[in-house]
Every structure is written in C-alpha cells, then in structure tokens.
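Participant: Read off the chains here:
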Amino acid sequence: MEYLAIFPPLVGFLMAFLFGRQMGDKGAQLITCSGVIIAAFVSCVLFVQVIFGHDGHGDPRTVHLMQWMASGDFKINWALRVDQLAVVMMCVVNIVSSCVHVYSVGYMSHDKCKARFMAYLSLFTFAMLMLVTADNLVQLFFGWEGVGVASYLLIGFWNHKDSANAAAIKAFVVNRVGDFGLALGIFAAFVVFGTVQFDAMFEMAASKADATMTFFGQDFHAITVIALLLFMGAMGKSAQLGLHTWLPDAMEGPTPVSALIHAATMVTAGVFLVARMSPVFEYAPNALLVVTLVGAATAFVAATIGMTQFDIKRVIAYSTMSQLGYMFFALGVSAYGAAIFHLMTHAFFKALLFLGAGSVIHAMSNEQDMRKMGGIWKKIPTTYVLMWIGSLALAGMPFFAGYYSKDIILEAAYADHTWFGELAYYLGIAAAVMTAFYSARLLFMTFHGKPRADKHTMDHVHESPPTMLTPLMILGTGALFAGYLFYDKFVGHHQIWQDSIFVLPENDTVEAAHHVPYWVKKLPIVAGALGLVLGWVFYLKFVGLPSVFTKVFKPLHTLFYNKWYFDEIYNAVFVKPAAAFGRVFWATDRNVVDGLGPDGVAKTSRGFGAMLSKFQTGYVFQYAFVMIIGLIAIISWFFFKLTNGQG
Amino acid sequence: MNNEAMTSFDFSSLGAILPELFLAVAGLVLLVAGVLRGDKSTNFIGGAVIWCLGIAAFILIGLEWDRVSILNGMFVMDPFAGFMKVLVIGGLIASVALSMQYLHQDYIARFEYPILVLFSGIGMMLMISAHDMLALYVGLELQSLALYVLASIRRDHIKSAESGMKYFVLGAISSGILLFGISLLYGYAGTTNFAILGDTLSHNMSLGVIIGLVFVLAGVAFKISAVPFHMWTPDVYEGAPASVTALFAIVPKVAAMALLIRLLFEPFAALQSEWFQIIWFIALASMVLGAFAGLAQNNIKRLMAYSSIGNMGYALIGVAASGAMGITAVIVYLAIYMAMTAGVFGVILCMRRDGNAVENIDDLAGLSKNAPKLAYILAILMFSMAGIPPLAGFFGKFLIFQSAVESGLYTLAILGIISSVVAAYYYLRIIKVMFFDEPADKFDAEISLSRKLVIGLSVIGVIFFIVNPSPLIDQSRIAASSLFSGLDDVATPDTAENNTQ
Chain A
1 MEYLAIFPPL VGFLMAFLFG RQMGDKGAQL ITCSGVIIAA FVSCVLFVQV IFGHDGHGDP
61 RTVHLMQWMA SGDFKINWAL RVDQLAVVMM CVVNIVSSCV HVYSVGYMSH DKCKARFMAY
121 LSLFTFAMLM LVTADNLVQL FFGWEGVGVA SYLLIGFWNH KDSANAAAIK AFVVNRVGDF
181 GLALGIFAAF VVFGTVQFDA MFEMAASKAD ATMTFFGQDF HAITVIALLL FMGAMGKSAQ
241 LGLHTWLPDA MEGPTPVSAL IHAATMVTAG VFLVARMSPV FEYAPNALLV VTLVGAATAF
301 VAATIGMTQF DIKRVIAYST MSQLGYMFFA LGVSAYGAAI FHLMTHAFFK ALLFLGAGSV
361 IHAMSNEQDM RKMGGIWKKI PTTYVLMWIG SLALAGMPFF AGYYSKDIIL EAAYADHTWF
421 GELAYYLGIA AAVMTAFYSA RLLFMTFHGK PRADKHTMDH VHESPPTMLT PLMILGTGAL
481 FAGYLFYDKF VGHHQIWQDS IFVLPENDTV EAAHHVPYWV KKLPIVAGAL GLVLGWVFYL
541 KFVGLPSVFT KVFKPLHTLF YNKWYFDEIY NAVFVKPAAA FGRVFWATDR NVVDGLGPDG
601 VAKTSRGFGA MLSKFQTGYV FQYAFVMIIG LIAIISWFFF KLTNGQG
Chain B
648 MNNEAMTSFD FSSLGAILPE LFLAVAGLVL LVAGVLRGDK STNFIGGAVI WCLGIAAFIL
708 IGLEWDRVSI LNGMFVMDPF AGFMKVLVIG GLIASVALSM QYLHQDYIAR FEYPILVLFS
768 GIGMMLMISA HDMLALYVGL ELQSLALYVL ASIRRDHIKS AESGMKYFVL GAISSGILLF
828 GISLLYGYAG TTNFAILGDT LSHNMSLGVI IGLVFVLAGV AFKISAVPFH MWTPDVYEGA
888 PASVTALFAI VPKVAAMALL IRLLFEPFAA LQSEWFQIIW FIALASMVLG AFAGLAQNNI
948 KRLMAYSSIG NMGYALIGVA ASGAMGITAV IVYLAIYMAM TAGVFGVILC MRRDGNAVEN
1008 IDDLAGLSKN APKLAYILAI LMFSMAGIPP LAGFFGKFLI FQSAVESGLY TLAILGIISS
1068 VVAAYYYLRI IKVMFFDEPA DKFDAEISLS RKLVIGLSVI GVIFFIVNPS PLIDQSRIAA
1128 SSLFSGLDDV ATPDTAENNT Q
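Those protein sequence lines, which keep their order, are chains A and B. Residue numbers for the first sequence follow our numbering, so the first one is 1 and each next one is one higher. Residue numbers for the second sequence follow our numbering, so the first one is 648 and each next one is one higher.
These are computed hints drawn from the structure, not numbers from a lab. Check each hint, because a few of them may be wrong.
Straight-line C-alpha distance at most 25 Å; calculated PhoX-like pairs for lysine-lysine [stated by the list, open to error]: (1) B/K1079 - A/K603; (2) B/K1079 - B/K1016; (3) A/K614 - B/K806; (4) A/K541 - A/K551.
Just a few of them, taken from the derived set where beta-carbon distance is under 10 Å, the chain A residues facing chain B [claimed, not checked]: (5) V45; (6) G582; (7) V584; (8) F585; (9) A587; (10) R590; (11) Q622; (12) V626; (13) M627; (14) I628; (15) A633.
The beta-carbon is built from N, C-alpha and C at its ideal position, and this holds for glycine as well.
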C-alpha cells in the first residue's frame, strides 16, 4: 500500500527517461501520468487510514525498506514514515503533481522533448515523496537534494535560453548556501543526539533542552544551534528573505514547473522540515524568534515587491514567497498545525493561479507582460472564473480556502502575546492588504480594461484544451472547499496531528487563537477587502492613478520595483569579490602550481623521452655498441663486486 | 652420457614431443604443397596452418603434463612448459588470423609466410621445453631465423629490408654472446644439461661461471628486448610489415620469457643472488625507458615497441620477485598482455587509407566519428594497457606489483608504478586523439572476419576478465609451482632489496 503511494512516480521516471524515445511522447505521457495518479489515489486512501484508522485515533506507521549505511553507531535506514504529517504532505504532493502532469500534456504540446519533461516531473515527485516520508534526517537530505536536482533540471529545461540556464544555476547555487546549513544541522544533530533517526531524537529532545555545545571556544545552546542551522536550510529551499533571490528567476522554467515546484510543493519543504522537527524547535525559543521575524519580514517585503511587478508569473512568484513567509511566522509562534494548514490550502490556490496564468500565457501566444494584456475575459471565461477563485482564496476572502488558513495564522501570531508575535501580526495584516491589492491588480490588468495586445494576438486568443482545464477545475475545487472542510481537523477542536507534531503546552497558540479579541479576528477580512477595493480603484476605475502614485512615491516605488536591490547587493558583495578571488587563485594555480607541478613534470618527462629516443640513431653499429657496453658494464659490476667483496 | 642411453630410444616417451613433431611434419607437407601450387595457395596454406596449430593445441592439451624428461634430458615436459606452449600456440593462431587479409593488401601474399610463422612456432615450443643448452640454442635459432626472414618479407620495400637486416645482424651478435656464455659454462661445469648444470653450479661457483651466466642472460635478454639489449626493437617494429610486427609483439617474447624463467630457476637456481641483480637492473631500465621514450613517439608501431619494452620490464619484476607467486604473476601478465596486444594490432592493421597502410598516431584523429566501434574498442584496449580497473590490464599489473611488495622489492614496485603512470600518458593520448581531435579522412572499411574475431575475443577477454579471473590465475599457479616442486635444493627465494648491495 505505502509502496504504491511512493514508487509509481519513480517507475514512471525510469521508464520515460530510459525508454522515452522507444515509447514515443504518448507512451511517456501515459506512463508518467498514470504513475502519479495511482500514487495520488493511494495516498488519499492512506490519508483516511492513517488519520481515521483505529476508530479515529489515527494509525501512523513506518515501513522499513532496507538498511542504507552502517558505520559504528551511525545507522541509517531507508524507510517510509507515514504519519499524519507525512500523509498530508503526500496527498498535497501527489494531487497537485497529478494535476500538473495532466496539464503539462496540453501545455507542452508544442515542445520537442515531452518525454524528458514528463520524466523530470516524475523524478521530482518521487524525490519530494522521499523527503516527506523520511524517518531520519539523512534520507530527508536525500529527498531534499533530489528535489533540488529536479528543480535545477526543470528550471533549465529550455536549455537553449541563456536566461533559463543562468536561472537554473542561480537556483542551485543559492540553495547550496542553505543546504550547507542543513548539512551542518544534521551533523550537529548527530553530535548532540548520537542519532539522526526522528523518533530517537524526539524522545531525547526534552532531556537535551539544556545541553550546550562548544564551538570556537564558546558554549552555545545546542538545540538552538541545531534549529538555526536546519532553519538555514529551510530558508534556502523555501525562499525566505536573504536566500530568496533564486525564486523569481526560477520562473524561467515552463509554467507547470512553476506551479508544481516553485509554488505548491518544493518551496514548502522548508515549512515541512520545521514542522517535522517541531519537538526540537520547541526547546529552542530563540530559534523560534528568528523564524518568526524572518517569516514576517519575508511576507511583508515580498508583498511590496509583488505590487510593482509586471510579469504575471513574477507577481505570483512574489506572492508565493509572501505566503511562505506567513507559514514561517506561524511556525515561529508554534502554530505548526496552522502552518501546514496554510501550506495545503496555498498549494491548491497557488497551483491554480500558476496554471491559470499558464493558460493565459498560452492564450496570449506566450506573452507574460501584463501591460500587454487586458480585455480578454470574454474570450477565455473558464480560465477567468478559475483565476478569480484562486485570487479570492489568496486574498483571504471569506469562505475561500485561504480565508481559514490565513486567519488562523494571524490569530495565532496575535495570541502568542510576545512582541515578535504581535509584530508578525501587524506585518501580516499589512501584507494582507497588499496581497489583496496585487491580486486585484493582476486580475484587472489581465482580463479587464481595453485590450493592449496587438490585433493578431487578440484574434488568436483561445480557451485552453480540456487537458489543461480539467486540472484547473480540480484545483479550483480545492481552493474553494479545502479550507472549510479541513479547518476543524487541522487547527480546530479535533486536531489530527497526535504525535506527529509536538507543542509545549505553554506554546499552544493554535488553541489560544480561538480566544483572541473580536477585532483581531475580523481585521484580516477588512484588510483583504480594502486591498481588493483599492485594486479596483487603481486599475479599473481611475486608470491614471497608478502613474500618479508612482511619481509621488518615487523613491519607495523604485525600491519595490527593483526588489529592494537584493540581487545588486549580492552581486556586489558576494559574486564579484568571489569571482575576483577565483581569478587570483586561477592565475596562481596556472602559473605557479601547474608550472612547477603537473606541467613542469610533464615537460621534463617529455624532454627526457625525446632525449632517450635520440639514442635510437638507426645505425646498426651503434646498437651493437650499446649491447656490448651493457654487457661489459654488467660483467664489470660482478668483477668489481667479487674481487672486492671476496678479497 | 653413456652410450646405452644414447642408442636406446624409448619411443613411448616421445608422446611428450608429439605436438612439435606433428607441426614439423605438417610444416614440411604444407611447404611442398606451397611449392607445387605457388602463391595462389597462400590463403589455403594460411588456413591449414591455423588448423594445424589448432590440432597441435588439442594434442598438447590431451597430453599428460606431468614432468617427464626425454631425448636424453634434452627435452622436458611439465605443466609450465605445457601452459606456456598453449599460450604460444594461441598467440600464433591469433597473429596468422590477423595477418591473412593484410598480406593481400600489402602484396606480400607469399605461401611461405604462414609456413615461416609455423616454423618459428616450432622453435618457440622447443625453446620452452629445452632442458639442455644445445636444445635451447637450436630452438632459439629456429625461431629467430624464421623471424629474420619474416621481418624482411617485403623485399621491395626499403624499410622492411632494412629492419630484417638489422634484426639479423644484431640477432647474430646476440647469438654469438649466448653461445660464448654456453661455452664458458661448459668449460667450468663440463655439461650442457640443465639438471646436471644446476647440480654442479650449486657447489662450484667461480667468476667464470658468473661471466658465463651474464653472457647467456644477455643473449636471452635480447630476445625479450630488455634494456640495454632492446635497441633493435623500435626499428624492427616500425620497419617490418605490420602483420609481422603483430607477430613479434604477440608471441616470441612469451616464449623467450618462458625460456628465461626456466634457465633462472633450473640450471641457475644456485646463482640466484647473482642473477637477481641483473634482472633487477634490466627490469628497472626497461620500465623506465619504455615509459619515457614512448612519450616522444608519433608512429604507433614504434610506440608499441616501447610499450612492449616497458611491459617486459614489468614482467621481469615478477621474475625478480621469484617464488611461485612471482612466476604466477608473470604468466598471468604475459597472457593478458598477449590478448591485449593481439587486439591492438588488430586495430592497427585496420589503419589503411586508400589502400595504403598508415601508421601515425595522428591518422587516428577523430576515429570516434568515422568508425565509432573501432574507436571504442581501441579505447578499451588502451585503458587496459594503461592499467585502469576493471579491465584485465589492471589485474596483470596488480599481481606483479603485489608479488614485488610481498618479496620486499619496494624500489621496483614504486618505480614500476611511476613508470606505468608515465606510460599511461601515451595510451591515453591515443584515446584523446581518437575522440577529441578533428576527424581525419576515413579508413578503408573492409575488415576480414578472422580479424574481427580476434579483435572481438581480445576485447571481450579484456572486459570480462574481472568476471571470472580464476581459471587463468589457477592454471598459471599450477604451471608456476611445477617449476619449484621436486627442486628441493632451490631455497624458497627470500629476495630482498639488500641483495643488490
């Protein structure tokens, strides 16, 4: 059963990757799609079993596959840990992945390398599943790097485009920084706990709450160090402020990739990691503080940038980053359930928005700039309606999925009753206004107003084929109902998490969130509504207003529009000095090390060889001479030895 | 030697020499047939020679390999001789099979060619089984004379004639040296028989004996082209027709090495501390020269000459390590070397452009584009030659160096590894030229079935040796240990580096 939820994507990947050419495009699409659809179906069944099994008490299980490595005390297994947390992630990953697989069949219909694309998608799905079902940190790291590789391959899928290659490399390199932290975190965990197996670590966490580790002659609180290092990995993968610069560029990949990897699943791996490690994070209050602050700052900054961008995919990308910020500050205030809840609803509506955007781009003959769209809502009504659903869910309008999850996060932040919790609450409210604003902006610029595209493109605007619309509808259903249906189970009074998430009793903000003042509960709705109205005023009612505003708030707009100059600062601080260093070392290596070492030795050897072959004159008498000399030399040697040695 | 022994032949014991007798008779019959039918019959005779060699191999394998000494102690048969002869016959078959097409292409399709190969083969087999200095000399000369003729078989070609001439003159000098050594030994020991010689030398060791030893070893070292008796090799390899070069590279050295081993461990066993110094030196000099001088070569046949000098150096490490383990390593090494060389020369023989043989390394440029199969085969063989695991060449070198280290020959082992690193350059360079250089013109595509078969077997052997190495290694061990059993007076060699001091 568990195997069927994990391995069909792997089979799909192997078949499509190795035999894609023999099977043809149709065969590859069929096998990869059916692989993930089987996995999605089975994981839904597992969801019911794991969460409602044992008369509703939950039935988590761990399937041992085989031993991976063993070295002294260090033992690591391949295992499938299917507990409540993992099964939620499995459902999200498999369902979204199925939708994206099917959607890709339509979206990539004009591409030459369909089999390769489908294979990578399946590879990604498998790696993500390994990540969420890991029962130790090393297997998690395997999945973590696996999704990183798949992401790299897919961002750079159109490898004839320089920008795509650059974006792929950027994503990989920036993630290396985070992964470096993650790896160190795993090492530190092994040092402190003597194991990287989750259950064993979690049992020990309480007893190690006061442990310290010495580093550079200073004592640090061990659990905080581990938590912060792991969080560094999470920051890289989940594009939190500081390590976020790769995410917008990653939009160079095909749109289904953006939907699956850079919105719904891979970027939430960091959220999953922190939630999975909740028994450790709970004993590191300072680390939680950092998580909250980084998350809140990300939510705010990303939203400000999102308001100013014109590329439809980049707007959604910054929105993703902003929503990830929400999830992280939820984690930071110990509202793990709320974070996972938002992760799930977000997966639905953000994948919906991306795929919807893909449908728009498809309709507009690959145009991504919103300034060249407008007035197309009558021509693609289905996409239009679905985009509205996604946007309203994103803006947190009542009864859409995002409403439930975003509200509980903000309430939990407020209920934390700490200075950083409240700060996060207000930053979150501000971000909520902006979120609603840029959602409205996106909708109005894209679908309403006067057409700004040329006539040829406009004539060509068409609704997408059913293979693309069906997944959109499934995701739309999720975006409509997922919040209402699962509110009670995820963050309400009948929580399903049991042992898979651990919260110290004094930190239980999800419970406290139900008892916050009335205005705290209602403010997010007001914020969302305000944002939508502002968007309507700016981009539909008084179309001239935005340009006036940008002039009045020029410095601010410039800052936002240029993404707070993160790329430029990194370029100046890290990339250029590193390149300069590299050139210095390269010159040293080439001139000094190579000159004396490899090249020098090689040159001498060749000279020696040339000298030796000069002996080979071709004259027989010289050859005979060498032979005789050799003979005489040997005899002389013995003569000398015997007469001296014995005499 | 008493008269009775001279006159009463025990014909039943002639069984041990049956393969050689069969080949000799067959060779004469084929010679007559060739004379009657002329050069038209070359193909037929070539095929017949291969068949005869095959039959001889069957007879050989069917024989009892227990140690017998016949013809008044002139001829000995033991597992070592048997196994080495099997290797030699295999090498002869491979070289004839490789060369038949080439003979026609290079207008040297004379019926004598395969027959000469056959006669040189008989010479080699006699060398391997020789148990008397005179038998040794006769076998050696039979093989050499045939080879001199083969080297210059393309009489109208100046290089071929020149190489035959050089080989002959230098070979004659080396024969003189050898004979002089034998006569010195006879003068001091009063016998040419290996068994009696060994017995005598064990309690009569004078400077004259040692000088005789040096001369004899110098004569044999010429045949295996060990430094400083190697000078003929590059010129002859380059000048002789490629098919003859293939023969030179594949077979005679194996026979000469077997002869050397028998000499060292039977008659000269008592002189081990002396001959060890000589072997140590020529092994080292051969490895180093083979590695470094090869770097400067552009002609692939010449390159293979230096490669063979170097490889004989490695094999000699095993001899210097002595003991059953060292000899086992030598035999395995030679067998693998033969297989690889057969494949490499198979490819070299395919290097023809517009009907002419080309033999520069640059001519291989871009072979991976023009003839990918050939390029990959040569690449695998080159990797194996360079000693890169998991190919067979690695295991050959590994066993040799292992035996050296176990005998305490650290200097040889270290210098051997260094020179194999240096030599790897020229093997890998060929791969680089084939795969990364701008393609040159295509080679002629026509390759005969027999050549394909040899190349194919060689590559398969090289690749799959790792799957089941034990048959070869076990057989070699049996062969090697037969040299040491029943010779109790040969102390288990505890050679150490300080012997050379």
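Participant: Please flag the earlier hints that this structure goes against, numbers listed from lowest up.
Facilitator: 5, 6, 7, 8, 9 and 10
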